[in-house]
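There are 2 protein chains.
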Amino acid sequence: MKKETDFRNCSVARLLMVLGDRWLFLILREAFFGVRYYDRFKANLGIATNILSDRLKILTENGIMEKRTDPDDARRIQYRLTVKGLDLYPVILTMMQWGDKWLDDGQGPPLMLHHKTCGHRLKPIMCCSHCGKPVQAQDIEYTHRDGTDMLNPAVAAGKKK
Amino acid sequence: MKKETDFRNCSVARLLMVLGDRWLFLILREAFFGVRYYDRFKANLGIATNILSDRLKILTENGIMEKRTDPDDARRIQYRLTVKGLDLYPVILTMMQWGDKWLDDGQGPPLMLHHKTCGHRLKPIMCCSHCGKPVQAQDIEYTHRDGTDMLNPAVAAGKKK
DNA sequence: AAAACCGCTTGCAAAATGCAAGTTAAAAAT
DNA sequence: ATTTTTAACTTGCATTTTGCAAGCGGTTTT
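Protein chains in written order, with my numbering: chain E, 1 to 161; chain A, 1 to 161.
These are calculated hints, taken from the structure and not from any lab test.
There's no promise every hint is true.
Treat identical chains as interchangeable: a pair holds within one or across any two.
Each computed SDA-like pair below joins lysine to any residue, with the alpha-carbon atoms no more than 25 angstroms apart [what the hints assert, rightly or not]:
id	residue 1	residue 2
1	Lys123	Thr69
2	Lys133	Asp146
3	Lys123	Gln138
4	Lys67	Gln78
5	Lys84	Cys127
6	Lys123	Thr148
7	Lys84	Ile51
8	Lys101	Leu86
9	Lys123	Arg76
10	Lys42	Lys123
11	Lys123	Thr143
12	Lys42	Gly106
Whenever a hint applies, use it, and build me the whole structure from the sequences.
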């Protein structure tokens, strides 16, 4: 995929230009589980060292993770999620939920989430911050800020071809 | 990435084994915007034809989209999201939101969402279905169904190394 | 001082990608 | 009725990306 492509000036595309790789998401998943060290990422994911260092570089260069030398051992480097990185949690959660629902092996979800705040098992749902109702694809309309037609970006809104 | 890898029996990893590619997500984005035809996906994304047909094949083989011949023109094939595919909406939405927030070009979000149900601009948030509060990474605890330690999967839960 | 360990880098073979050209079947135009 | 156009691919090939193995340079332990 060419980096210079505009992709209809869309935030999904922008995210994918940074995170469009399986390994990146898997590293993030590990990070959300609390993993912080190179060798642990490597061991848990079975990822090749060159790929791992490349991906960690991408994540740090994009401000999603940050490097920190371990105060107890100067050889070790901590990789930690930044605020920007922590903000990716809903993406990982929604992925997990879809996998739980549609890629089940018949034994139920591999991982259970517990919501410490309320003490119950977490079932996350996407809600409208205004009305509080769950969000569904068919309830949403789109408007592009530059007036582009969503279905045919070559045609400006309101103008007929 | 090797397909046979288990990846700690995680739903995120399972999803990524199917959807671990930029193009797949971009095709899905188009589909959620209402795009249904091969030539429109091609034109809107600027994707090579062999890649597009390959990705559409992956999506249909995995039950995320389905092919349907157009009743008005037997040459044309409609690609539509299945229920399983529509269920990926929260993933796309959370991606969009993160991009809006962290990859802003200073002009605000490229795309505005309007919630038809309540008539207001949509700002989706992840909530706990039980207590209704927004979900944050630090409020969640994990338990693996097979007792695996999240940080070190080689160690069973409760056992010290 | 020697050995072990951590986080890489390098070399190279294999796979994935992107472009252009060709193919098949249906529909529209002549 | 025949030719032309259109839609959705497929194929060939050069370029790029990936993945494995081996090596390397600091830091800590022995």
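Against the structure, the hints come out as follows:
1. Lys123 - Thr69: neither (36 angstroms within a copy, 38 angstroms between copies)
2. Lys133 - Asp146: Result: close neither inside a copy nor across copies, 29 angstroms intra and 34 angstroms inter.
3. Lys123 - Gln138: For Lys123 and Gln138, the Cα distance is within 25 angstroms both inside one copy (22 angstroms) and across copies (15 angstroms).
4. Lys67 - Gln78: within (6 angstroms within a copy, 47 angstroms between copies)
5. Lys84 - Cys127: both (21 angstroms within a copy, 19 angstroms between copies)
6. Lys123 - Thr148: between (36 angstroms within a copy, 21 angstroms between copies)
7. Lys84 - Ile51: Answer is within; shortest intra-copy Cα gap is 22 angstroms, inter-copy 32 angstroms.
8. Lys101 - Leu86: Close inside one copy (24 angstroms) and across copies (13 angstroms); limit 25 angstroms.
9. Lys123 - Arg76: Neither, since 36 angstroms and 40 angstroms both go past 25 angstroms.
10. Lys42 - Lys123: neither (30 angstroms within a copy, 37 angstroms between copies)
11. Lys123 - Thr143: Intra 30 angstroms, inter 14 angstroms, cutoff 25 angstroms: inter-copy only.
12. Lys42 - Gly106: For Lys42 and Gly106, the Cα distance exceeds 25 angstroms both inside one copy (29 angstroms) and across copies (37 angstroms).
Hint compliance for this structure: hints 1, 2, 9, 10 and 12 are not met, and every other hint is.
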